[in-house]
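Participant: Chain by chain, the residues run as shown.
There are 2 protein chains.
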Amino acid sequence: MHVALLGGTGDIGEGLALRLARDTDHAVTVGSRDAEKAGDAAGEYETILADHGVKATVEGAENAAAAAAADVAVCCVPAYHLTDTIEAVADDLGDAVLVSPAVGMKSDESGMHYNPPGVGSVTELAAAAAPDGTPVAGAFHNLAAGRLGTLSADLDWDVPIVASDDTAREAVVTLVEDMSGLRPLVAGDLSNAAEIEGLTPLLINLARNNDGMHDLGVKFW
Amino acid sequence: MHVALLGGTGDIGEGLALRLARDTDHAVTVGSRDAEKAGDAAGEYETILADHGVKATVEGAENAAAAAAADVAVCCVPAYHLTDTIEAVADDLGDAVLVSPAVGMKSDESGMHYNPPGVGSVTELAAAAAPDGTPVAGAFHNLAAGRLGTLSADLDWDVPIVASDDTAREAVVTLVEDMSGLRPLVAGDLSNAAEIEGLTPLLINLARNNDGMHDLGVKFW
Chain A
3 MHVALLGGTG DIGEGLALRL ARDTDHAVTV GSRDAEKAGD AAGEYETILA DHGVKATVEG
63 AENAAAAAAA DVAVCCVPAY HLTDTIEAVA DDLGDAVLVS PAVGMKSDES GMHYNPPGVG
123 SVTELAAAAA PDGTPVAGAF HNLAAGRLGT LSADLDWDVP IVASDDTARE AVVTLVEDMS
183 GLRPLVAGDL SNAAEIEGLT PLLINLARNN DGMHDLGVKF W
Chain B
3 MHVALLGGTG DIGEGLALRL ARDTDHAVTV GSRDAEKAGD AAGEYETILA DHGVKATVEG
63 AENAAAAAAA DVAVCCVPAY HLTDTIEAVA DDLGDAVLVS PAVGMKSDES GMHYNPPGVG
123 SVTELAAAAA PDGTPVAGAF HNLAAGRLGT LSADLDWDVP IVASDDTARE AVVTLVEDMS
183 GLRPLVAGDL SNAAEIEGLT PLLINLARNN DGMHDLGVKF W
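One line per chain: the protein sequences are A and B, in this order.
For what it's worth, our numbering labels the leading residue of the first sequence as 3, then goes sequentially.
For what it's worth, our numbering labels the leading residue of the second sequence as 3, then goes sequentially.
Bound conformation, chain A alone:
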């Protein structure tokens, strides 16, 4: 498949780009509002991969061009940029599966708290912003970007996946299966996204409150 990482110049985009390029045969394009910035990031990712002995091509493109070429478009921007980013590529998505990893959180003196939008979850906000009929999935919410982007780090994490239909679910299950150390788990339809997103502030709170824990992920058994 061809995977576009919309807004893929940030830390979650970097981690997914590096691991998709290293572990899979899927084509990877880093998207940005700024094509030059996208190209620069793609070049940096290729350099990091080369430093780890991996000869791989990562393309860079403006978000709409990246979306136009994609079978799967992962929207790697923070929750507050999600709607704008999706609306800017809406005419270019075609039949692509749209994937949302973003989580809404707020912080106070007690730690991080889940802060979903009115529609119930950020994943459902992505679906609301997408053109009618777009296959939408929620995934990658709980991946600690620091460890994800460290290619020398083994993961062994689970990735709960919610999806609007079989097309979206099967595409994301395949992507996750193809990355080393990640196990896809089906968690239902998009209305089940909030419980997955809410796990992310818990992971942050656990890392803050327990010695020796950082960059946490999760394993269900």
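No wet-lab data here; the hints were simulated from the structure.
Nothing here was measured: the structure is a model prediction, and the numbers come from that model.
There may be inaccurate statements among the hints.
Since the list gives no way to pick out one identical chain from another, each pair is judged satisfied if it fits inside one copy or across any two copies.
Unchecked claim - Keeping only pairs whose Cα atoms sit at most 25 Å apart, straight-line, the calculated SDA-like set for lysine to any residue is:
no.: 1; residue 1: Lys221; residue 2: Thr85
no.: 2; residue 1: Lys39; residue 2: Val188
no.: 3; residue 1: Lys108; residue 2: Asp167
no.: 4; residue 1: Lys108; residue 2: Trp223
no.: 5; residue 1: Lys221; residue 2: Ala209
no.: 6; residue 1: Lys39; residue 2: Ala52
no.: 7; residue 1: Lys221; residue 2: Asp36
no.: 8; residue 1: Lys221; residue 2: Thr176
Given chain A's structure and the hints, the job is docking chain B onto it.
Facilitator: The following block gives chain B in isolation, referenced to the frame of chain A:
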């Protein structure tokens, strides 16, 4: 410590009673609104323990009497009985730590969904129902009762703990540490409970949607 399992005749109460009695030196009293029912359950638990080669004493008592003797009182009733149960023992809690494992959920055709009370979480609802100054903790929300109550099953699960103060936190950390296969993890104060409680419907949805998964718990790393 002396542990009271208020409403401890149900499945989570049974699992905690069996494992506390088998794995620890803490005294265990099963509470119920009906002292005779509590005594019957305690006797059944002793029989199960004996069948596993464990000679242990489990007491049974009416909830208020169980609370009066307790250093830690775990309120093992469903969320919709929580307030009534706590109010019924309020005069007897003394300095005991009150622990809430309950989760509010609703079910529809998509699966289970977290359904917190207006105060934010069931754990905070327990704190609101308790007398002022009661040390309150949230813990045991994510334990699958079926596996917990099966003494032949190994657990290797994490138990995120939120607490109103150090007294509550330290008491529950000790209890969890003393049970085989459970690791206590500090998750912050009571305002951080919702993200832990929300994990329970996710565990149920994952078990429903993935072949071979059932009675799930969680491990953070």
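Participant: Each hint needs a verdict: does it hold in this structure or not?
Facilitator: Now the hints, each set against the structure:
For the identical chains of this complex, Lys221 and Thr85 are neighbours neither inside a copy (30 Å) nor across copies (33 Å), given an alpha-carbon limit of 25 Å. In this assembly of identical chains, the alpha carbons of Lys39 and Val188 never lie at most 25 Å apart, being 35 Å within a copy and 41 Å across copies at closest. Taking the closest pair of Cα atoms, Lys108 and Asp167 come within 25 Å of each other only across two copies (23 Å); inside a single copy the shortest separation is 30 Å, beyond that limit. For the homomeric pair Lys108 and Trp223, the shortest alpha-carbon distance between copies (23 Å) is at most 25 Å, but the shortest distance inside one copy (29 Å) is not.
Taking the closest pair of Cα atoms, Lys221 and Ala209 come within 25 Å of each other both inside a single copy (15 Å) and across two copies (13 Å). Taking identical chains as interchangeable, the C-alpha atoms of Lys39 and Ala52 lie at most 25 Å apart only when both belong to the same chain, with a minimum of 20 Å there against 68 Å between chains. Within a single copy, Lys221 and Asp36 get their C-alpha atoms no closer than 37 Å, and across copies no closer than 40 Å, so neither meets the 25 Å cut-off. In the homo-oligomer, the alpha carbons of Lys221 and Thr176 lie at most 25 Å apart both inside one protomer (19 Å) and across protomers (24 Å), since each shortest distance falls under that limit.
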